[in-house]
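So the protein sequences, as listed, match chains A and B. Mapping to numbering that gives the first Met the number 0: the first sequence position 166 is 165, numbers consecutive. Mapping to numbering that gives the first Met the number 0: the second sequence position 36 is 35, numbers consecutive.
Simulated from the structure, these hints should not be mistaken for lab results. Among the hints, erroneous ones may be present.
[Unchecked claim] Below, computed lysine-lysine pairings styled on BS3-like, alpha-carbon distance capped at 25 angstroms:
hint, chain 1, residue 1, chain 2, residue 2
1, B, 192, A, 295
2, B, 190, A, 1
3, A, 295, B, 190
4, A, 150, B, 35
5, A, 1, B, 192
6, A, 131, B, 35
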Amino acid sequence: MKRFFTIVGTIDRRIIFLLIGLSVLIPLIKPNWLELPIKIDNNTQIVYDSISGLQEGDKVLLSFEYGASTKPEVHPMAVALLKHLFAKGIKVYIVSLWPEGPIMAKLAMDEIIASDLFNIEDGKDYIMFDYKVGGSIVIKNISDDFRGIYKQDYNRIPIEQLQIMEGVYSVEDFDFVFDFSAGVPGNAEWVQYACDPKDVPLSSGCTSIMVTDAIPYVESGQLKGILAGMPGAAEYEKMVYDYLTNELTNNNEYINENASITKGKAFSRMSAQSVAHLVMVIFILLGNLSYYYQRKRG
Amino acid sequence: MFIKRQLAIIVMMSMGFLALSGYFLNFPTLREFTDKDAPQWYMIIAGFAAFLGCVNLLQLHIQKVAKKQENWQYSIFTLLGFLVMIVFGFIYKNVDAPWGAHLKDDGSAFYWMYNFVYLPLGSTMFALLAFFVASASYRAFRMRNFEATLLLISGVLLMLGRVPVGAIIPWWVVLFMYISFIFAIIASKIKDKRIFFISFLSTNIIGLVLGTQLKWNITAPLFLSIPSIQEWIMAVPATAGSRAIMIGIALGILAQSFRIITGRERSILGD
Numbered sequence: 000m001k002r003f004f005t006i007v008g009t010i011d012r013r014i015i016f017l018l019i020g021l022s023v024l025i026p027l028i029k030p031n032w033l034e035l036p037i038k039i040d041n042n043t044q045i046v047y048d049s050i051s052g053l054q055e056g057d058k059v060l061l062s063f064e065y066g067a068s069t070k071p072e073v074h075p076m077a078v079a080l081l082k083h084l085f086a087k088g089i090k091v092y093i094v095s096l097w098p099e100g101p102i103m104a105k106l107a108m109d110e111i112i113a114s115d116l117f118n119i120e121d122g123k124d125y126i127m128f129d130y131k132v133g134g135s136i137v138i139k140n141i142s143d144d145f146r147g148i149y150k151q152d153y154n155r156i157p158i159e160q161l162q163i164m165e166g167v168y169s170v171e172d173f174d175f176v177f178d179f180s181a182g183v184p185g186n187a188e189w190v191q192y193a194c195d196p197k198d199v200p201l202s203s204g205c206t207s208i209m210v211t212d213a214i215p216y217v218e219s220g221q222l223k224g225i226l227a228g229m230p231g232a233a234e235y236e237k238m239v240y241d242y243l244t245n246e247l248t249n250n251n252e253y254i255n256e257n258a259s260i261t262k263g264k265a266f267s268r269m270s271a272q273s274v275a276h277l278v279m280v281i282f283i284l285l286g287n288l289s290y291y292y293q294r295k296r297g
Numbered sequence: 000m001f002i003k004r005q006l007a008i009i010v011m012m013s014m015g016f017l018a019l020s021g022y023f024l025n026f027p028t029l030r031e032f033t034d035k036d037a038p039q040w041y042m043i044i045a046g047f048a049a050f051l052g053c054v055n056l057l058q059l060h061i062q063k064v065a066k067k068q069e070n071w072q073y074s075i076f077t078l079l080g081f082l083v084m085i086v087f088g089f090i091y092k093n094v095d096a097p098w099g100a101h102l103k104d105d106g107s108a109f110y111w112m113y114n115f116v117y118l119p120l121g122s123t124m125f126a127l128l129a130f131f132v133a134s135a136s137y138r139a140f141r142m143r144n145f146e147a148t149l150l151l152i153s154g155v156l157l158m159l160g161r162v163p164v165g166a167i168i169p170w171w172v173v174l175f176m177y178i179s180f181i182f183a184i185i186a187s188k189i190k191d192k193r194i195f196f197i198s199f200l201s202t203n204i205i206g207l208v209l210g211t212q213l214k215w216n217i218t219a220p221l222f223l224s225i226p227s228i229q230e231w232i233m234a235v236p237a238t239a240g241s242r243a244i245m246i247g248i249a250l251g252i253l254a255q256s257f258r259i260i261t262g263r264e265r266s267i268l269g270d
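Just chain A, same shape as in the assembly (with noise of 0.2 angstroms):
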């Protein structure tokens, strides 16, 4: 037993990469093989909850602040977050303060224009904006002058030719904003600046490293609720889902009938997540076993 310890204290580094690669590629190969039941967090409710709460014509401003290397954990979110709205005939406004935002946007509603779900207009049900740098400056000029900063649409129609912008000057013409962030400028440059001295309801999906960060504004009511990282995406993306499949049943407006509802890609990737977090968590336990025996040895 002491020898197995001290052979697994000096392992190779190579052949922990290789067991967390297979930990993770498994399971996203073969998804069937485990499926675990997914718990809803608090914070995803609540989340949920607040979208839930929003009339058919309301305003919501989607704000896209991740790129390339965070697309895996963040772009489920956008894209279950989009559909939620959409089933329930909410206005949809796309700002990006990233350079890749735009693009990423771009994705986003293209995934669900393709799922067939929806009978939506540009500029007519959603208006995507261009990326605009000054990162938390822009977020200050959302809030006091919308119009000012935006001219024009990703489609370069000036904004007076769209009648999704009637009404909309401020960021207090908005009924919600949702953040999607991975970085600065995000959920909390838009507590700061925007939502919380124009007091309108705010939102966040991001990355689960930046969730330590956001708490204190999810703690104190400045966000309501946070979808914090692929986890947070899968619950959602089942709540979505779920709330899709049961709208479908009752005749919803604005689902097409014929069209197919699918759970998202975070809710596929959790059985990954769960494995390599457990095989982490066994190696951790190793790894001190290892050094109990090393140290009683001296």
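With chain A held as given, fit chain B onto it using these hints.
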């Protein structure tokens, strides 16, 4: 010299005072400046700063290759990537869309490069973290002292609590973890190994019997559910720690801003 130093300090101080006074004086012209004009200026300057950043990066890597500094071979790839994206962004677009709009066009070479080269590479780089975190946690998460043990336990609980597998861990496993933790603390007080082992075993048995009697196998109390423990760690100790850091940062920003506005902080001038 005057332009580089004194004038820069005068501009810095006057702009600092102007921006600050906008929050305290109800003077419409001043408010117009701080709320609208100054942020617009910032956005324009930030746009130029991004351009300067690109030029600087290019210069840095060209110098590295020219002087064959350490790891100069990697700089060739950076320069190649730079060049390719410049060509697809400014010279060759592959679609009929106007310049600028082609960046968002599905058929453009730029979009293709982003979607099929940069995007997978970016995700791969981030995914590599999983391997490094696994290797690092295996070597670094050691029960060296009380603080390290606390960090280890909370780390493990967060890792398990955030994923579905945490929810299926039964209550008796968590109870065993609690008892083990308590006995790890009092282990040094009990000299006789036999007594220690018997009391550890009997405490576990009592816990199991008690749990079964209280029907914890049907509805486990929150303190025996790993996802609930994880939620508590995030809501209480993690929030307290984050708030302390945030208050510290805010005080630091306040002090630094005061130094800048009063002209005491000159590091931004290159000192």
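Exercise. Taking each numbered hint in turn, which are not upheld by the structure, reported in ascending numerical order?
Worked result: Of the numbered hints, all hold.
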